[in-house]
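> One letter stands for each residue in the lines below.
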Amino acid sequence: MDLTLKIWRQKDAKSEGKMETYPIKNISEHSSFLEMLDVLNENLVNEGKEPVAFDHDCREGICGMCSLYINGEAHGPDRGVTTCQLHMRMFKDGDTIYIEPFRSKAFPVIKDLVVDRGSFDRIQHAGGFISVNTSGNTQDANALPIPKPDADKAMDAATCIGCGACVATCKNSSAMLFVAAKVSQYSYLPQGQVERKERVLNMVEQMDKEGFGNCTNTGACEVECPKGISLEFIARMNREYFGASIVSEK
Amino acid sequence: MSKLDAKIPEGPLKDKWTNYKNHIDLVNPANKRNIDIIVVGTGLAGGSAAASLAEMGYNVKAFCYQDSPRRAHSIAAQGGINAAKNYQNDGDSTYRLFYDTVKGGDYRAREANVYRLAEVSANIIDQCVAQGVPFAREYGGLLDNRSFGGVLVSRTFYAKGQTGQQLLLGAYSAMNRQIGKGKIKMYNRHEMLDLVLVDGKARGIIARNLVTGEVERHSAHAVVIASGGYGNVFFLSTNAMGSNVSAAWKVHKKGAFFANPCYTQIHPTCIPRSGEYQSKLTLMSESLRNDGRIWVPKKMEDVKAIREKKLKPTQIKEEDRDYYLERRYPAYGNLVPRDVASRAAKERCDAGYGVNATGEAVYLDFSTAIQRYGREKANMLGLENPTAEKITQLGEEVIEAKYGNLFQMYEKIVDENPYKTPMMIYPAVHYTMGGIWVDYNLMTTIPGCYAAGEANFSDHGANRLGASALMQGLADGYFVLPYTIGDYLSNEIRTGKIPTNLPEFEAAEKEVTERLEKLINNKGTKSVDYFHKKLGKIMWDYVGMARNEAGLKKAMDEIAQIREEFWKDVFVPGEMNELNPELEKAGRVADFLELGELFAVDALHRNESCGGHFREESVEMDGEQEGEAKRDDVNFKYVAAWEYTGNPREAVLHKEELTFNDIELKQRSYK
Chain Z
0 MDLTLKIWRQ KDAKSEGKME TYPIKNISEH SSFLEMLDVL NENLVNEGKE PVAFDHDCRE
60 GICGMCSLYI NGEAHGPDRG VTTCQLHMRM FKDGDTIYIE PFRSKAFPVI KDLVVDRGSF
120 DRIQHAGGFI SVNTSGNTQD ANALPIPKPD ADKAMDAATC IGCGACVATC KNSSAMLFVA
180 AKVSQYSYLP QGQVERKERV LNMVEQMDKE GFGNCTNTGA CEVECPKGIS LEFIARMNRE
240 YFGASIVSEK
Chain W
0 MSKLDAKIPE GPLKDKWTNY KNHIDLVNPA NKRNIDIIVV GTGLAGGSAA ASLAEMGYNV
60 KAFCYQDSPR RAHSIAAQGG INAAKNYQND GDSTYRLFYD TVKGGDYRAR EANVYRLAEV
120 SANIIDQCVA QGVPFAREYG GLLDNRSFGG VLVSRTFYAK GQTGQQLLLG AYSAMNRQIG
180 KGKIKMYNRH EMLDLVLVDG KARGIIARNL VTGEVERHSA HAVVIASGGY GNVFFLSTNA
240 MGSNVSAAWK VHKKGAFFAN PCYTQIHPTC IPRSGEYQSK LTLMSESLRN DGRIWVPKKM
300 EDVKAIREKK LKPTQIKEED RDYYLERRYP AYGNLVPRDV ASRAAKERCD AGYGVNATGE
360 AVYLDFSTAI QRYGREKANM LGLENPTAEK ITQLGEEVIE AKYGNLFQMY EKIVDENPYK
420 TPMMIYPAVH YTMGGIWVDY NLMTTIPGCY AAGEANFSDH GANRLGASAL MQGLADGYFV
480 LPYTIGDYLS NEIRTGKIPT NLPEFEAAEK EVTERLEKLI NNKGTKSVDY FHKKLGKIMW
540 DYVGMARNEA GLKKAMDEIA QIREEFWKDV FVPGEMNELN PELEKAGRVA DFLELGELFA
600 VDALHRNESC GGHFREESVE MDGEQEGEAK RDDVNFKYVA AWEYTGNPRE AVLHKEELTF
660 NDIELKQRSY K
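Keeping their order, the protein sequence lines are chains Z and W. In terms of numbering that gives the first Met the number 0, the first sequence opens at residue 0 and continues consecutively. In terms of numbering that gives the first Met the number 0, the second sequence opens at residue 0 and continues consecutively.
In short, the hints are calculated from the structure, not lab data. Watch out, some of these pointers could steer you wrong.
Stated by the list, open to error - Under the rule of at most 20 Å between Cα atoms (straight-line distance), these lysine to aspartate or glutamate pairs were calculated in the DMTMM-like manner: (1) W:Lys584 <-> Z:Asp37; (2) Z:Lys48 <-> W:Asp438; (3) W:Lys536 <-> Z:Asp37; (4) W:Lys584 <-> Z:Glu41; (5) W:Lys584 <-> Z:Glu49; (6) W:Lys411 <-> Z:Asp77; (7) W:Lys533 <-> Z:Asp37; (8) W:Lys200 <-> W:Asp438.
Unchecked claim - From the derived model, a few chain W residues whose C-beta atoms are all more than 12 Å from chain Z: (9) Arg188; (10) Leu196; (11) Gln314; (12) Gly358; (13) Glu557; (14) Glu656.
Each residue gets a CB set at the ideal place from its N, CA and C atoms; glycine is no exception.
Input sequences plus hints: build the corresponding full structure.
The following block contains the structure:
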């Protein structure tokens, strides 16, 4: 298929960016979206031009490195996939495709389509862990049975890949789904109980500090989340936060 | 006399690690605060090492080329992690895990290391559960297990098809706790470009900040390389796009021996390639072989009809299907080790029975399992006379619960529904058992330089069993390195901070900068990918699943030629002092072009078939094992460790003889 690409180009964090137009021909419908961009970049290099910078790594939808806002949707038009799993069969011959970076105050652009998601890491530093040292002397893994439904819920929350689609798609640039996933995972598990209150307070505090917006329950994040993380976890985090703010001594 | 001393502790196999731990030197907590350690790579090995070392009190600097340590490629591991817990009461034990691993590796691994791995495996599960890793559980709340290839017990723990993700996020969370405390200083989007030696010891690295392009000096009292494997030398592999050999290769060029580079795992169950534009291959977890049956049609006319899309695989009658693994290996069936399964698929496809347009695909079929689970579930629900549709529906639900994300991934890529029609799969490069040579302490031949996880060669011999990579990565990082590195660092407590203005740092930085400048200023006519693809094709054609003398010699010559052409004609756009992905790729491909030749040299010298290394010249000619790989213990029962001398082809071979006191060397039979 033949396509017209409109791509955001920006030299670095300080420069202003703009949309540029690139025609591209003979793309197979079986290729992935990023393989289509590989072809574009190969063409640009062969013409002696600078290729488009974009983040990507595993290309299996699990590392969370790839991003891209495609035709106004985080990770593009398909559901339940990251950009690397999006295939060109979702588009038609002759289409014009708009490709932008994930936009948020807390995700500054580094170059072209590459953004800095360090704010996500800093939220995790604030409380995304259970304080247990590596000793080899922790109790036996089966000493504490965990009801299967709880373990399954924890797993559902833990599948978050930290890509930032929830933030990019939210009109408030809210990171609530991302933070709620981690808070919920530990709240379902007995191992997470000891630090349960401090964790939610600290992580939410850091989230606010980073400049993410608040949640107004539009649910766009759940729709665009490549892993289908449920909005219910945000409700759960709100309850966790409310409870913790009443009883915590912080 | 070889320069190699594996430093294996004395004593009976089962007591070695305990005795070792009882007698090593320790560093007191106050002194740990004055010691710096660099960890390169933040996957399971690097991430767990960084977290554990920081918890102990060392100052850790961790480096990864991704934008966050959570994205290291361990995250993509699907199926599970082995541990000798014997929760299923099916006869598992430390010895049995040790035995299976040595046998699965075709008797080319070091006994003492493998036994230690099996010994600490149970601790890993305890540790991960304590960290909040949500492993799959049974209804009683206890941990669930599944089976993997090459073994007769169920010892694999898993978290859906995302076990690597959950384990890595566990290690990442442990890192986060230390980053928050300031005990780990994290360098995201940084790539190590050289190792710095001072007085023969590893004292730091040169790294490039990939955002600003700045070349930086970092010093430490020890350096841990946990940068993963080098499967991307084949261009197409299941590795991440950025996975590379550079850190390991730089260390090799600075004096660390590189062991068994030709031991590569070609994984049997990957999605077949589809076109020229293809950038990588996608793995379908080995866990699928628990329930999937592998087959091709028996009749050539059926193969033709399928390729012409006149017949669907579901229309082929049961008796016209060749379940070739069950036929050839009745004892292990679809759960033979990966090397055996891959070669069997290649054998059928080479004979013309491949089921897609390229002739390089076989079926992985779940219909039997769907029916079996469906009936089981119907019984559990107390349904009397359930309809065929109901059974299928229930069975598909069970399969979805077990492998849902894998099935979804397959459907997104191939655009076919694997619940209704069998998957098509074909082998692809997945893992490299070879790597930097290390002793029992995981130290390379450079004092103070360690290698952990896939980056070292130590535990898997010539073939790795499924679900053992995660086990090894975490064992090295959580439970082995924290002890062994202390033994070395106990001699460094009076050293003090290592200054980065030493001439050795200056020289290394200059060399790195000049190489980057050379790439940028080359202004040739061909892209980096052009050379990488060319290299990959040669590797796959001549150094892939089957290798022979003529092909390997041809590969060596052609790789050397491509390397020469690369340095003459590569074009790298952009500048050095900015985010420049093409420049990053160029550096990595330049290193692959050197490693690839050593890889072929090693494959040529090893004139035997063992594990993933199959030499067409070394095959059983008769008897029950006719056509199977033939190992040569008389001449090749050693680790091949190569010393760099300026040109990959002229690398000097050092042999570490392998001794087996606790295992009898046998032909590996899975029949």
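> Could you tell me which of the numbered hints above are not met by this structure, giving the numbers in increasing order?
Violated hints: 2 and 9; rest satisfied.
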